[in-house]
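Here are the chains, one letter per residue:
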Amino acid sequence: MTNLLEIRDLHKRYGTVEVLKGVDCSMRQGEVISIIGSSGSGKTTMLRCINMLEEFQGGTIAIDGQEIGYETAGGVRRRKPEREIARQRALTGMAFQQFNLFPHMSAAANVMLGLLKVKKMGRDEARTLAEKWLDRVGLLSRKDHFPGQLSGGQQQRVAIARAIAMNPKLMLFDEVTSALDPELVNEVLQVIKALAEDGMSMLIVTHEMRFAYEVSSRVIFMNQGRIGEEGNPREMFLKPQTERLADFLKTSTFN
Amino acid sequence: MTYTLNFAAVWRSFDLLLQGLALSLGLAVVAILAGCVIGLITAFGLVSKSVLLRKPAGLYVTIIRNTPILVLVLFSYFALPELGVRLGKIQSFVFTLAIYSGAYLAEVFRGGLIAVPPGQREAGLAIGLTEMQIRTSIIIPLMLRNVLPSLGSTLISLFKDTSLAAAIAVPELTFEARKINVETFRVIETWIVASCLYVATCSLLAAMMRAVERRLAVPR
Numbered sequence: 001m002t003n004l005l006e007i008r009d010l011h012k013r014y015g016t017v018e019v020l021k022g023v024d025c026s027m028r029q030g031e032v033i034s035i036i037g038s039s040g041s042g043k044t045t046m047l048r049c050i051n052m053l054e055e056f057q058g059g060t061i062a063i064d065g066q067e068i069g070y071e072t073a074g075g076v077r078r079r080k081p082e083r084e085i086a087r088q089r090a091l092t093g094m095a096f097q098q099f100n101l102f103p104h105m106s107a108a109a110n111v112m113l114g115l116l117k118v119k120k121m122g123r124d125e126a127r128t129l130a131e132k133w134l135d136r137v138g139l140l141s142r143k144d145h146f147p148g149q150l151s152g153g154q155q156q157r158v159a160i161a162r163a164i165a166m167n168p169k170l171m172l173f174d175e176v177t178s179a180l181d182p183e184l185v186n187e188v189l190q191v192i193k194a195l196a197e198d199g200m201s202m203l204i205v206t207h208e209m210r211f212a213y214e215v216s217s218r219v220i221f222m223n224q225g226r227i228g229e230e231g232n233p234r235e236m237f238l239k240p241q242t243e244r245l246a247d248f249l250k251t252s253t254f255n
Numbered sequence: 001m002t003y004t005l006n007f008a009a010v011w012r013s014f015d016l017l018l019q020g021l022a023l024s025l026g027l028a029v030v031a032i033l034a035g036c037v038i039g040l041i042t043a044f045g046l047v048s049k050s051v052l053l054r055k056p057a058g059l060y061v062t063i064i065r066n067t068p069i070l071v072l073v074l075f076s077y078f079a080l081p082e083l084g085v086r087l088g089k090i091q092s093f094v095f096t097l098a099i100y101s102g103a104y105l106a107e108v109f110r111g112g113l114i115a116v117p118p119g120q121r122e123a124g125l126a127i128g129l130t131e132m133q134i135r136t137s138i139i140i141p142l143m144l145r146n147v148l149p150s151l152g153s154t155l156i157s158l159f160k161d162t163s164l165a166a167a168i169a170v171p172e173l174t175f176e177a178r179k180i181n182v183e184t185f186r187v188i189e190t191w192i193v194a195s196c197l198y199v200a201t202c203s204l205l206a207a208m209m210r211a212v213e214r215r216l217a218v219p220r
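Chains as they are written, first to last, in UniProt numbering: chain A, 1 to 255; chain B, 1 to 220.
Looking at chain A on its own, in the form it has when it is part of the complex (with noise of 0.2 Å):
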């Protein structure tokens, strides 16, 4: 059975400086990895190569067997034309850490654009998704509020819905509690959870180290440019292997 996911020997450059040096990673249906490290590490690099919002010098990134963004022919790497690219990205849904919502659509039109314009889907069909989703990170109640009437945390579970409702495969993301006051953390924390017991495969990158530990089933620990060390929440953060996680983790905080 192929994995959901598949990076190999992944290099990404911006100019000379190298941000990634080789990054291998695989990732079965239903996981949820959390990847944490310093910033810097590449840690978000790495997540935006997934869906090609970054473009990457070397490896391959495969999503259920199929390469993302480039292909070789006759020994040449090209980038896949831009339609392509798009599909391919639809493949995973993204959640930023400055939510991103388009502040001239209400909350419903924000989670309905992509189903509309991406999936081809009928008005009412969509707006019936849009509700179900919007209703379960519990905010049906705001879906004609736009979103400079919304909280950071209602935006980030807008936002989240807006990603899940396109049905993808596997879910990124991207320190979505960084911009968030302390009392909003918790209720994005909560639908991510939610998400995850439902089986939904995810990869988070996050500052969150009590959150990654509770909520993944491994944690991949990002040090310039490379995996430093990866394996089952417990045993990194209980017995860290590395002297780099271990002085990460003696740096972090958790609550």
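Please note that a few of the clues may not be correct.
Some but not every residue of chain A turned toward chain B, in silico, with C-beta under 8 Å [as the list claims (entries may be wrong)]: (1) C25; (2) A86; (3) R87; (4) F102; (5) A163.
Everything labelled a hint here was simulated from the structure, so no lab data went into it. Heads up, the beta-carbon is just placed ideally off N, CA and C, and yes, glycines get one too.
On the provided structure of chain A, position chain B as indicated by the hints.
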């Protein structure tokens, strides 16, 4: 020396002024609509990553914006025919004003485009939208809201620029006013009435733009 105001002569020709005003509005609407399309495409060229799009767009804006519109009007009408492009007076002027407003609107739109946060495009990409879908559903609607205040004054300027069509005898408002001036010698009255028509039209335009601004305002 005393000058007694007497508007009677101007009122007798008032329908000519209104006809002129109607033509002014017609010129403006057609030219500015075309200019909006040209400006939008050029603005995307100006912010493009590709030099092949950026350079020609920049060159167009530089040349057109740095040439007085009267010179452009005269060039189109008198010089282009020598180069084999023969247009009627009205077509020539509409063409010129479209090209001219395209360059101005391109800069207005460019300002609105760079004010849209890059995260908006990324969010669109992440749900599988194509670049074109992102432009039409997200970037352009947000850009328009950003530019509405300055768009209003640009549109008013462009409308007033239709008066330059008088230079090539297009019978718009200014041309008709000059004709009445010459025929009646009621200099002050003629130009007061013509000015009032411009002011009234532009005020209406400004009010319309403010209404659009309110209508499109994002609730918060």
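Report the numbers of all earlier hints that the structure fails to satisfy, in ascending order.
1
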